[in-house]
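There are 2 protein chains.
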Amino acid sequence: MVTQSLEDYLEAIYNSLNRRGHAKTKEIADDLGVKDPSVTEMFHKLRERGFIHYREYEGVTLTEKGEDLAKDVSEVHENTKEFLKLLQVSPEQADKDACKVEHSLSKESIVQLNKFIDFLEACPEDEARWVRHFKYFSEHGEMPSECTGKGKEQEKDGEV
Amino acid sequence: MVTQSLEDYLEAIYNSLNRRGHAKTKEIADDLGVKDPSVTEMFHKLRERGFIHYREYEGVTLTEKGEDLAKDVSEVHENTKEFLKLLQVSPEQADKDACKVEHSLSKESIVQLNKFIDFLEACPEDEARWVRHFKYFSEHGEMPSECTGKGKEQEKDGEV
DNA sequence: TAATTGATTTAGGGATGCCTAATAATATGA
DNA sequence: TCATATTATTAGGCATCCCTAAATCAATTA
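Which chain is which? The protein sequence lines are V and U, in order. Position 53 of the first sequence, counted from 1, bears residue number 53 in this note's numbering, the numbering being contiguous throughout. Position 150 of the second sequence, counted from 1, bears residue number 150 in this note's numbering, the numbering being contiguous throughout.
To be clear, the hints were calculated from the coordinates, so they are not data collected in a lab. Please note: incorrect hints may appear among the correct ones.
For chains that are exact copies, the list does not tell them apart, and a pair is met inside one copy or across any two.
[As the list claims (entries may be wrong)] In silico BS3-like cross-links for lysine-lysine, where the CA-CA straight-line distance does not exceed 25 Å:
#, residue 1, residue 2
1, 35, 115
2, 115, 45
3, 85, 24
4, 96, 85
5, 135, 107
6, 26, 100
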């Protein structure tokens with residue numbers, strides 16, 4: 001069984017390899033907010049299960065199997081974060097929440113989430129104006145007049 | 001610390017009380033897919049921490065504190081489910097995923113999620129047509145012609 | 001090269017949350 | 001009411017994942 005913790009470690013290793021070119025015990029410990037021995041322990045577990053290459057005192061790299069899983073988790077993380085930012089959640093909090101949510105979604109939800117992100121990118125500007133309207137709604141507690149139709153029409157679009 | 005498991009039990013108790021008028025060990029065990037002794041054990045823990053009233057062999061009810069928390073969790077569950085259904089995730093899967101996601105969101109994200117649900121309800125029909133468009137995009141892999149503008153205009157709205 | 005420093009690992013434990021098997025309480029029906 | 005079936009609890013264990021303290025390895029520099 002692939003636990004949430006296991007995924008967290010793989011993702012941290014993946015990110016460390018990309019950012020720093022290596023993944024050492026202490027680095028991963030700091031990144032995940034755990035103590036060094038917890039990382040060593042997990043390195044053994046990950047090696048046993050074929051997710052990483054690990055030789056004591058030399059840091060780790062991902063196997064193909066490990067990298068595949070890490071990429072999947074990382075992609076869900078990024079999409080979830082995008083999604084939360086769309087909901088006007090602050091980038092910092094969106095990132096934190098994405099860390100947890102990324103382990104909770106089924107394949108089906110992940111696929112739909114991906115589609116949604118694609119949809120937004122494919123969306124022409126005028127189609128996606130609801131995003132801007134939601135931002136207004138989120139900040140003011142009511143729909144922008146532009147949207148309800150019953151407001152003064154001259155308010156236009158400029159900085160709604 | 002309020003663990004995910006603790007929240008799951010509280011929510012299950014809350015739902016059982018609403019649906020059946022009571023919450024017995026076996027019922028909760030079946031609802032959560034765990035064995036009876038796990039429930040008894042958690043009942044003790046929940047009682048210790050002041051979330052439930054529990055007398056051996058007589059089932060449980062929620063304290064005010066327990067009910068407050070259960071309601072919060074339940075609300076996040078419902079909103080998350082709505083949200084996933086909007087993404088065209090099947091109702092069954094949306095419900096399952098909501099069970100896990102409900103424990104992962106920060107206060108900030110929960111607030112924004114609530115706003116988003118409210119926003120959709122406040123949205124006039126023509127404003128919310130992006131929902132329909134996303135459904136089309138999700139099923140066909142491309143934007144509806146109605147939306148890109150460059151399609152045949154006569155295709156209208158009927159069953160896009 | 002020897003001593004020091006920092007990183008890593010090993011050893012030993014604790015909390016959580018699950019399990020099975022055995023025991024005890026309660027409810028049901030003959 | 002008494003035997004039986006159902007439900008609940010207790011006892012004892014296991015896996016996961018975290019911790020501190022102590023030991024070991026590696027790198028640096030005096």
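Which numbered hints turn out to be false for this structure? 1, 2, 3
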